[in-house]
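Sequence lines, in order, name chains G and D. Residue numbering for the first sequence follows the numbering used here, starting at 693 and increasing by one per position. Residue numbering for the second sequence follows the numbering used here, starting at 24 and increasing by one per position.
Take these hints with a grain of salt, some might be off.
Cut-off 35 Å, straight-line C-alpha distance, at most; resulting in silico cross-link-like pairs (DSBU-like, lysine-lysine) [what the hints assert, rightly or not]:
1) K702/G with K717/G
2) K707/G with K29/D
3) K773/G with K74/D
4) K39/D with K848/G
5) K63/D with K1052/G
6) K1154/G with K1169/G
7) K25/D with K717/G
Rather than coming from a laboratory, the hints here were simulated on the basis of the structure.
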Amino acid sequence: MKKPDLKKLKEVDFKKAARDFVYGKPHGERRLGDLYIPKTGLYKHREWRGIKDTMYYFNHIWLYNYGMIVRDLMVYGGGPKGMIQFLKGTWRYRWMGQTYLTVMHWFDRCLEGMRGETLAASAWHFRGIVSACLYQITGFFNRDLNIGGDPELRAKTIGTDETVWGGVIYPYMDQGGYYLPTQMIPYFVTCHCNNHTVLNYIDAVQAYGLPGDPCPMCQAEAGIYIEDDVPDSYVAMVTTNEACDSSVGTSVIQDWMMNKPLFAMPQVMQFDDDSVLENCAKEIEMAWRFMEEHTGLEFHWEELKKHIELQNKQNQFEREKWDVAANTHSYPINGVAQALYRIFYSQYGERPFWHDVDKKVRKIMEKCVNEDINTFPMTRHRVIAWSCAPLYYSAWCTWAYNCWGLNTIINMDSLMFDLDIRTDTYENCLLDIAKYHEWAPMRRMAVGGLQHIFELWENMEKFNCDMVMMYDQLQCKGMQGVVGLFEDEFRARNIHAIWMPHALPDKRTVPRSQIRQIINDYMFTVMGEEPLDPSLLDFDDSDSW
Amino acid sequence: MKKAKKKKNKVARFVKKTLGIAGLAYAGLFCVFYYDLDGKLLYYVVEPFMKNHFDNMERRDPHTVPYEQIDNEYM
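Full structure from sequences and hints, please.
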């Protein structure tokens, strides 16, 4: 038997080791990069965050969320029958069976290094997102005729583009009207949770003979249809031209492949012109008539009003969160949780699970403010992220904080739906709904006109940020057109900005390691700074989820 | 009296056993969590199996779908 090295043993600081065990290692000593198994992104072991936070993660995040997933499937699925439908769907659809089972690793990636209130509040945001996903997944499978779903439920369900705001169904919800954004779950969330799956859909489109240079998001969304991976869960479809004309191309493929009644609801791109607002309102009314014709549902104004008012409450709480983020060091939500939760609920629309999460987060945030807790104590720079983010690496904010102390305070997509919809009269409500639609993701700022994409400067000031993470979606023709203008402005305003190239869902174009390298290079050479955690500078996660 | 004591012992034994099993299960789950065994199972076993299943699945030929347009007015 090998003798223990007494010399080495004598060098161990047992007091410090005990302190690290109880409280977790301080930020600079964690060496989180050493935990990874090369290529896979798996952990040799999960992070030890000290007794309190490790047990919180184990009990209140890992165990709790696995348990709540089963609970959600039973409740949203309507009991054991829903569970059977879920299993059938898991076996039938790649985007489910190959993707979402890995959900707890999504939590891990996004919550690495978080502690205390930040860990709790950020995890609650993910709980809300997962609950919303399961609500939709069970919604798909319970109605899906491909796997023996219920035709009566399907008869009251409208499929939509994911950029058609979920509020279109509000007037019909009391009659069982159901809104199914057909790409949000099969495409959008998959890229964040497990980006292996989406590559099949991008390849399917290109193998079919379509060009590879349009937005890969639109390619993937069309690929789901070409691969015959769309549940037959809705009776008719509402599409939109949002965010851009590549999205219109997707709708053409969808229309062909699904062969169902389809209503195209165009929304103007240059939305500042008030004279076009009435046209958009009319388009929305026409969409409602289309939905009524195909589902037999009736328009209920009071129901619409009820949900709009609840949604306004959510938006008001969001502004309170922004106020805390902008003016204190006590904002307990990390960049990725903030971004994904906000875009998800403002696009999907008002539902009960969001309010449950908001209640919990409010409590945590109030505690942080009242006790003046510094939630991100290693912050060196306050970052605003602008333009459209890489879906396959939304967790970059967590990495950037752990490695460099770059704290992402806010991002462009979170700011776009900042509108309280009036409910005093039907006319005012409709006009505001039209405006809300015009402010769709990747639309209001990204391709909505130069003055809007330049809202960056005022938001940078408002949120007290000193650095910009400028996303550069290489296949977005709209945003490629303004690269030079931004460079000029950054120079003129003397702003530190890092350009982050990416291809939205496709990690093969700009791998995650390359994104990290670009940030590393800027921090070393331009900022002249040293990393907080050198083990995170360079590691291989090329095959990870 | 003896019968009641016996019953009490039986209950105590049952509680002890249940707590023991629950404790072991909890410790086992903690090991799964800490050593990322759920991730490893999904990465090395479940995902390749499901991928293989989906790669070999029979799918509808998209060309068989007729390209038609239904015109309607919803004014």
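Results for each hint:
1. K702/G with K717/G: Holds, at about 20 Å.
2. K707/G with K29/D: violated (50 Å)
3. K773/G with K74/D: holds (26 Å)
4. K39/D with K848/G: violated (53 Å)
5. K63/D with K1052/G: Holds. K63/D to K1052/G sits at ~32 Å (cutoff 35 Å).
6. K1154/G with K1169/G: holds (29 Å)
7. K25/D with K717/G: Violated: K25/D and K717/G sit about 57 Å apart, past 35 Å.
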